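> Next come the chains, spelled out residue by residue.
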Amino acid sequence: MTNTWYLYLFFAAALVFAGLLGLLARRNLIKLFIAIEVVGKGISLLLLSTGFAKGHILTAQALVITFIVVEVSLVATALALIINVYRHTKSLDVRNLAKLKG
Amino acid sequence: MIVQTALLIGLVLFSVLAILLKDLLRSAISLAVASLLLGIIFFRMNAPYAGVFEISVVAGLITVLFILTIALTKTGDEVRESRLVNWAFPLVFIAFIVIDALVMKSLLGKVPALASGAESGTFGEVLWRGRTFDLVGQIAVILAGVLAVLALFRKREKHD
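Protein chains in written order, with our numbering: chain A, 1 to 102; chain B, 1001 to 1160.
Source of the hints: derived by calculation from the structure; they are not laboratory data.
Quantities reported herein were computed from a predicted structural model and do not represent experimental measurements.
A portion of the hints provided could be inaccurate.
Cut-off 27 angstroms, straight-line C-alpha distance, at most; resulting in silico cross-link-like pairs (DSS-like, lysine-lysine) [stated by the list, open to error]:
#1 B:Lys1022 / A:Lys99
#2 B:Lys1105 / B:Lys1022
#3 B:Lys1074 / A:Lys99
#4 A:Lys54 / B:Lys1155
#5 B:Lys1105 / A:Lys54
#6 A:Lys90 / B:Lys1022
#7 B:Lys1155 / B:Lys1074
#8 A:Lys99 / B:Lys1155
#9 B:Lys1155 / A:Lys90
#10 A:Lys90 / B:Lys1074
Just so you have them, the derived chain A footprint on chain B, three or more residues with Cβ under 8 angstroms [stated by the list, open to error]:
#11 1024-1033
#12 1041-1050
#13 1056-1064
#14 1121-1129
Using N, Cα and C, we set each Cβ at its ideal position, and we do this for glycine too.
Same shape as in the complex, but just chain A:
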């Protein structure tokens, strides 16, 4: 069972790292949010695979479902924020948000 767990944890870590790299490297707001989604996928894979390896799959499923519901609320709010930012600055560049004038 440890081998299966190792495999899942390996890929979950790769997903989280890819998301973090995307967050560091990209400038488009929607791209940044896609990177956050990739991190979220890594986390849900980690939760469920740990539950699977330790024989607690039902609790892990309940946690993953909670996580998905929270994720949807987060996505809806963040995309509404992105649309508002776009209406103000006419651009999706995250560097425009650093200008504090007006």
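Please arrange chain B on chain A, whose structure you already have, making use of the hints.
Leaving out everything else, chain B in the frame of chain A:
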């Protein structure tokens, strides 16, 4: 095991593509495919409820929300990304994969997790009895999300 590994490789590949592709629409669709693969992995881990949620909500609803946002912000597509990223991203990622493969095995013992043991009951019992507080929290989070979206799209008042 081989099928599961192939699915996991596909998941990482499509997730990296979603970050690397320049076209926003294509990256949103790559993200949806990655979610679909993750849902299939959940099904194969005997977690059908999580799989159904992943496929219907994450691969379906969130993709629709992304595509809607991309359509609403169409002319903002031309953000100039730094050129360094195009070759630095794959390089750093491959370096991390190598380190991951070497280090993860020794880290396994240190990951905090519940002790192994068989669970009793059905999924419904675990969700309703064991994690009631989570359900209340979920309702609160959905309400907070709805209120936040309403607040962000409210009509301007006259003195604005």
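> State for each hint whether it applies.
Hints versus structure:
no. : hint                  : in the structure
1   : B:Lys1022 / A:Lys99   : 25 angstroms, holds
2   : B:Lys1105 / B:Lys1022 : 35 angstroms, violated
3   : B:Lys1074 / A:Lys99   : 23 angstroms, holds
4   : A:Lys54 / B:Lys1155   : 51 angstroms, violated
5   : B:Lys1105 / A:Lys54   : 16 angstroms, holds
6   : A:Lys90 / B:Lys1022   : 19 angstroms, holds
7   : B:Lys1155 / B:Lys1074 : 22 angstroms, holds
8   : A:Lys99 / B:Lys1155   : 26 angstroms, holds
9   : B:Lys1155 / A:Lys90   : 19 angstroms, holds
10  : A:Lys90 / B:Lys1074   : 10 angstroms, holds
11  : 1024-1033             : holds (count 4)
12  : 1041-1050             : holds (count 7)
13  : 1056-1064             : holds (count 4)
14  : 1121-1129             : holds (count 5)
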